[in-house]
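So the sequences go chain by chain: A and B. For this note's numbering, count along the first sequence from 1 and bump the result up by 21. For this note's numbering, count along the second sequence from 1 and bump the result up by 18.
These aren't lab readings, by the way, just hints derived from the structure by calculation. Even glycine gets a Cβ: it sits at the ideal position worked out from N, Cα and C. Don't take each hint at face value.
[Said to hold, decoys possible] Below, in silico cross-link-like pairs of lysine-lysine (DSSO-like), each with a Cα-Cα straight-line distance of 30 angstroms or less:
no. : chain 1 : residue 1 : chain 2 : residue 2
1   : B       : Lys75     : A       : Lys63
2   : B       : Lys75     : B       : Lys27
3   : B       : Lys27     : A       : Lys63
4   : B       : Lys75     : B       : Lys32
5   : A       : Lys63     : B       : Lys32
6   : B       : Lys89     : B       : Lys75
7   : A       : Lys63     : A       : Lys77
8   : B       : Lys89     : A       : Lys63
9   : A       : Lys88     : A       : Lys77
10  : B       : Lys89     : B       : Lys27
[Said to hold, decoys possible] Coverage of chain A stretches by chain B, computed from C-beta distances (three or more under 8 angstroms per stretch; other residues unrestricted):
no. : segment
11  : 60–70
12  : 123–137
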Amino acid sequence: QKEVEQNSGPLSVPEGAIASLNCTYSDRVSQSFFWYRQYSGKSPELIMSIYSNGDKEDGRFTAQLNKASQYVSLLIRDSQPSDSATYLCAVNPPMGNAGNNRKLIWGLGTSLAVNP
Amino acid sequence: NAGVTQTPKFQVLKTGQSMTLQCAQDMNHNSMYWYRQDPGMGLRLIYYSASEGTTDKGEVPNGYNVSRLNKREFSLRLESAAPSQTSVYFCASSGSWTANYGYTFGSGTRLTVV
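Go ahead and model the full structure; you've got the sequences and the hints to work with.
Right, here's the structure in full:
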């Protein structure tokens, strides 16, 4: 089992709809969680971070964290064609041996296409 | 504020040639990272430096060397390039020693080895 799993997609939604992206992780005591957006040919860009159970909203984006179920999700409301990108989930594992908490663990990403 | 700057943006090498990818950050970050990204493989960590003067191997260090020249700069060297090293390379930095605040990425270097 991969440490951070995402559905590769593509996830296709119509413009104006809610896009829901999901990520599960294997280490129950992971500390912090991130969503990155990566446009084709560009570098990953941090769009959301979340550290506590529950929801965190920032504009049209909402991150949801459920540590008991070991998943983190990203909701994009009123999706726009400019949201079409690959969304990467990253997890910071807990402090442990060999400085594991110094390196993020990455999912492979979910491709999102928002259709006009 | 430039953030993380990588050079060059594109490079074509012949098999066996060497080159150094440069990375510099102006955010006073402690930790710096080198990743490669290949289709279907995601981001894979090559090397990282948690602080000035320290470097550690990541998942795929073979064929690469790194130097943390100072707090700002972290370079990646390919001593004898191979076609398998054709990839997009990203440098990243983190303000937290534990990566607890995520990374800031550079714009990437697209490397082709022929």
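Results of checking the hints against the structure:
no. : hint              : in the structure
1   : B/Lys75 / A/Lys63 : 25 angstroms, holds
2   : B/Lys75 / B/Lys27 : 24 angstroms, holds
3   : B/Lys27 / A/Lys63 : 11 angstroms, holds
4   : B/Lys75 / B/Lys32 : 25 angstroms, holds
5   : A/Lys63 / B/Lys32 : 25 angstroms, holds
6   : B/Lys89 / B/Lys75 : 18 angstroms, holds
7   : A/Lys63 / A/Lys77 : 26 angstroms, holds
8   : B/Lys89 / A/Lys63 : 25 angstroms, holds
9   : A/Lys88 / A/Lys77 : 14 angstroms, holds
10  : B/Lys89 / B/Lys27 : 22 angstroms, holds
11  : 60–70             : holds (count 6)
12  : 123–137           : holds (count 7)
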